[in-house]
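> Chains as they are written, first to last, in my numbering: chain A, 1 to 483; chain B, 1001 to 1483.
Simulated from the structure, these hints should not be mistaken for lab results.
None of the values given here were measured: they were computed from a predicted structure.
For each residue, glycine too, the CB sits at the ideal point set by N, CA and C.
Any given hint could be a false lead.
Which residues of chain A face chain B? A partial, calculated answer using Cβ under 10 Å [claimed, not checked]: (1) F48; (2) L135; (3) R179; (4) V214; (5) D409.
In the DMTMM-like style, the derived pairs of lysine to aspartate or glutamate whose C-alpha atoms are separated by at most 25 Å in a straight line are [said to hold, decoys possible]: (6) B:K1395 / A:E273; (7) B:K1270 / B:D1245; (8) A:K244 / B:D1096.
2 protein chains.
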Amino acid sequence: MAAPSSNTCGAMERSIRERVPPLLTDLYQFTMAYAYWRTGRHQEPAVFELFFRDNPFGGGFSLFAGLHDCLLFLRSFRLTDQDVEFLRSVLPPDTDPAFFQFLRGLDCSGVTLRSVPEGTVVFARVPLMEVSGPLAVVQLLETSLLCLVNYASLVCSNAARFRLAAGPKRKLLEMGLRRAQGPDGGLTASRYTYIGGFDFSSNVQAGFLFGIPVAGTMAHSYITSFTSLEEVWPQTLVAVNGEKDPVDIISLTKGWLSRVCELLGAEPGKISEGELASFLSYAIAYPQNFLPVIDSYSVACSGLLNFCAVALALCELGYRPVGVRLDSGDLCRQRAFLPFPLMFCASSFQENAIDVVGVGTHLVTCTQQPSLGCVYKLVEVRGKPKMKISEDPEKSTVPGRKAVYRLVDAEGHPFLDLVCLAAESPPEVGGSLNCYPLRCDDSCISVIPAHVACLRQDVFTRGQVRTARGCSKVEMSRPVAVS
Amino acid sequence: MAAPSSNTCGAMERSIRERVPPLLTDLYQFTMAYAYWRTGRHQEPAVFELFFRDNPFGGGFSLFAGLHDCLLFLRSFRLTDQDVEFLRSVLPPDTDPAFFQFLRGLDCSGVTLRSVPEGTVVFARVPLMEVSGPLAVVQLLETSLLCLVNYASLVCSNAARFRLAAGPKRKLLEMGLRRAQGPDGGLTASRYTYIGGFDFSSNVQAGFLFGIPVAGTMAHSYITSFTSLEEVWPQTLVAVNGEKDPVDIISLTKGWLSRVCELLGAEPGKISEGELASFLSYAIAYPQNFLPVIDSYSVACSGLLNFCAVALALCELGYRPVGVRLDSGDLCRQRAFLPFPLMFCASSFQENAIDVVGVGTHLVTCTQQPSLGCVYKLVEVRGKPKMKISEDPEKSTVPGRKAVYRLVDAEGHPFLDLVCLAAESPPEVGGSLNCYPLRCDDSCISVIPAHVACLRQDVFTRGQVRTARGCSKVEMSRPVAVS
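Just chain A, with the same shape it has in the complex:
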């Protein structure tokens, strides 16, 4: 994977101001900020926690993602004159003009963020981010941080579930851009499905910005645009290691096609000449990368026969066809056609396995659950714990600033994430610890950790990004374990 260039880093920093300007937030953040300011409480030190209440997709885990964008957002958070003038036009006319001066001077120099690292396996109700700073400022950050974390974590987790289902060997290609929820939804999906375990994306911009490997061959429109072999040009191809004289690839392919039809008892009259022309044109353009889509007309009566003929002609010239693509229809039924002819085609078809699976709509839009419900809750002001009480006990918040530890057993396996008050002493390695599993009716269990790690790190301290990470190096790394 190519590392993103520093130009790209600059572009990402600039682009966050375009993608997530400070006004991309709910109006009530500003109305509350004014009420805090009016009563003189805007500078009071406050702490918010970001967490979700249920693992997505009815599953047992989530991957946390979106941190890198959050850091860029915090670093660039500043209201322009134009922003402030717009706010003046939408807040009530009796709003004190001095408030707008205050807004103009705002930034995140007083804000500190502790966060789980990008790509970490995380669980419901564990505070993933702790945002502390002046009350009015950390309040204003709510919507933007939630927006940046919610979808990134959701689609990253979805990708991890596809990876678990596909097993470790099969390659996974994200190809959902056209069905994504907007252009940025598509780009965000490409970025975070890669972190979640995908191998490639069809999205060229994702390759350009984030160094994600890109892949793609052809659509049905390419196939159907051809009508006859007369459209094929040039009509020759030079053998890989042989003579310099170009070979008439059309005649060669026609010969192979007759033999294939004979061998398989196929009817030449049902074969699409336009499809053969499209395969040949593609093979001449990309002799080393021949991987046509074979279901534009009929896999059994045309696509497969044309593929075999072109592939065998390429083989004769020393090239190695890559494979075929099935795009629609009943995949199981279509696969049934493949075993025999592919045996003599290309070694990559051993066992007739599906090597690469492309996933689009369901992956990027997360059809099963298209949103993650991260929330951002106030837990402390001026050192005093804060709590929201709800008729639904699940929606009541746990007051006070927390510490979060990941407990690891002697074999190195994490087995418990421990949430306790920041003021409590950390769990001792080797010591017995009583804790209360969430949603288990106050039943207490006793555990002995062999190793204890702080799950969250200081990543942004009073306006400064703390980690000495590159532009997106840490961010683009895959999670260590998905289990």
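Model the placement of chain B on the given structure of chain A, informed by the hints.
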């Protein structure tokens, strides 16, 4: 609604290059473009159609949206040196270097777009857009156009369904930014739910960019940040039309609270002082806009009592409280608390109706169906009709360039969208017309239109935007009828 300024127009044009650069597409568009170019077919005149196969949400219609962004995209479509260099790095090394020169010079000066207008009620399988131009160029546009139309139309249609369910009078507020699929997903949702029939958005940037009315009051965090009445400052308020001497609003409210508790038999000990302090602070900051969220603790035992006390104090000073907000829990149960006390509060509570409904996650992520399946199919090359045949007859395409007419009856009601070949003569007004409804097994019906309208317009002709529309005037207008 404020019209967007011309500065905003420029910003939108610049921003489309940032949001939808030419590389934000599938790699196979470029591999196909090379194969077309290599065989000398890249300039052949070609026609693609954009349509969806099924109305979303199991419904009977969709709203078409995203056109304005498509026009900006087409106008700005140009590959930079950096883009082309990136493509050189990902295409096979034996790609002819002259192809990259060709890419560098590409634009949409040869492209023509016929389209249904923004916000039109449309139906499945009707070609909504027709994109014609040089084969390689119109192929390259596929993914971006689909991405811009799919989500915009989906979320616009979803909004229209909420509007139909809510009836014409109730106000609808979009507030889904935090749960949207990325920042742009949130902004796109705000923009197109407004076209779909919503009245406000919580999204400030949507107000800034598109002139959409914004609304919002406060979150639970604002309420829970307060502990005691000592935090309220200033502690006085001036009456609307009365004396200039400020009134001690805290004492006034305390008096009203006692009376409210007495009247309702409520226990003063269960009332949250912090909540009362937060209401008072907000009322002092926004005496004309008092609309607190009353379910941070308990609606019946605290929130409603505090609201009544502050609202009555405001009334005494000549202000008119706006209402209350219920944010979570069992809405029906909570509403049951409202009738009695609100009768003497504010006239806007007549009949205790819910005046405004805010919708977030389900609206913006379109939970019921989070993607619209618009496709982009080749129908003609060099004047010859083109078709994709599929094992699934629904996925086979209808070849040839089409005309689309909306037939209207004598009362002015549209009753049929007619798709026919462009070469056929248009239906005659008052004449009997035989046509074959889709999915009706070749049964023929006969209709007599009183008026015939072309459903699509030439909006982009050989590189030029045709309509003399303002920046987003046409775009932001609501559909005429949703039925």
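> Let me know if the C-beta of A:F48 comes in closer than 10 Å to any C-beta of chain B, holds or violated.
At about 7 Å, which falls below the 10 Å cut-off, the nearest Cβ of chain B leaves the hint on A:F48 intact, so it holds.
> Hey, does the A:V214 contact hint survive, CB to chain B under 10 Å?
Hint holds; A:V214 Cβ to chain B Cβ min 5 Å, cut 10 Å.
> Minimum Cβ distance from A:L135 to chain B below 10 Å?
Holds, about 6 Å.
> Against chain B, is A:R179 within 10 Å by beta-carbon distance?
holds (4 Å)
> With 10 Å as the cut and Cβ atoms as the points, is A:D409 at the interface with chain B?
violated (36 Å)
> When you check the alpha-carbon spacing of A:K244 and B:D1096, does it fall within 25 Å?
Roughly 18 Å between the alpha carbons, so the hint for A:K244 and B:D1096 holds.
> Holds or violated: B:K1395 and A:E273, Cα atoms, limit 25 Å.
Given pair B:K1395, A:E273 holds - Cα atoms ~21 Å apart, limit 25 Å.
> Is B:K1270 within 25 Å of B:D1245, Cα to Cα?
violated (33 Å)
Going through the hint list in order, the structure does not satisfy hints 5, 7.
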